[in-house]
Amino acid sequence: MTSPFARLFIVTALGGLALAGCASKPAQRSTGHAAGTTTGAPAHATAPAASPHRTSPVHREAAAEQPLPERTGIPVCDDYLASYRGCHRAAGIYAPDQIEGRYQAMRTSLLRDSLDPDIRPQLAARCNSLASQLRQALHGKACEPEQPAAAASSGR
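Going by mature numbering (1 follows the signal peptide of the UniProt record, and there is no 0), the letters in the sequence shown line up with residues -20 to -1, 1 to 136, in that order.
If you're looking for bench data, these hints aren't it; they were derived computationally from the structure.
There's no promise every hint is true.
Just the calculated beta-carbon pair ranges, DEER-fashion [what the hints assert, rightly or not]:
no.: 1; residue 1: 105; residue 2: 72; range: 22 to 28 Å
no.: 2; residue 1: 104; residue 2: 77; range: 27 to 33 Å
no.: 3; residue 1: 75; residue 2: 47; range: 28 to 34 Å
no.: 4; residue 1: 47; residue 2: 112; range: 26 to 32 Å
no.: 5; residue 1: 75; residue 2: 122; range: 17 to 23 Å
no.: 6; residue 1: 83; residue 2: 104; range: 16 to 22 Å
Just so you know, these numbers come straight off a predicted model, no measurement behind them.
Where is the CB? At the ideal position from N, CA and C, for every residue including glycine.
Generate the whole structure from the sequences, applying the supplied hints.
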C-alpha cells in the first residue's frame, strides 16, 4: 500500500493547497470604514506596519481582475509548474484523472499570487517547499516526461 512518507506528503500537500486557497480569500473583519470605497491614496499607505504579510483588499481585487500571465516570473515556481504533471504522475500522489485539475488549481493560485506585491516575495520559499515535498514523494524516481497534446492525440 502507501508508505508513511507518501501519506505524510499527501497530507502536507493538501494542507499547503488549503493554505494557498485561504491566502487569496479576503479577511472577514469588521471596521468602521465603508468597504469598497477608494480614494486617490493607495490603500496600503494607511495600513499598519505591524501586519506586513496581509494582502490588502485593493491588491487582491487588482490581482483577481488582471489576466493571468503565462509564467510567474519566479524561476523556482515556473520550474515547479513545468514539472508538476510528470512528477505527480511518477510519484502516484493523485489518481491520473485528478492531476490536470489539481495542476490547473495550483497554476492559477501561483500565477494569481505572483501578481500580488504583498504575496510575491514569499512565493519562492513556497515553491521551494512544494518542490522539496514532491522530490521526497518521488523516492528517487525520475519524473515522467510531459506528453505534448499533439503527440497524445495522434497516437504516436
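Hints, one by one, checked against the model:
1. 105 with 72: 22 to 28 Å: holds (26 Å)
2. 104 with 77: 27 to 33 Å: Once the Cβ atoms are compared, 31 Å apart, the range 27 to 33 Å for residue 77 and residue 104 holds.
3. 75 with 47: 28 to 34 Å: holds (31 Å)
4. 47 with 112: 26 to 32 Å: Distance hint for residue 47, residue 112 holds at roughly 31 Å.
5. 75 with 122: 17 to 23 Å: holds (21 Å)
6. 83 with 104: 16 to 22 Å: About 20 Å separates the Cβ atoms of residue 83 and residue 104, which means 16 to 22 Å holds.
In summary, the structure agrees with every hint in the numbered list given earlier.
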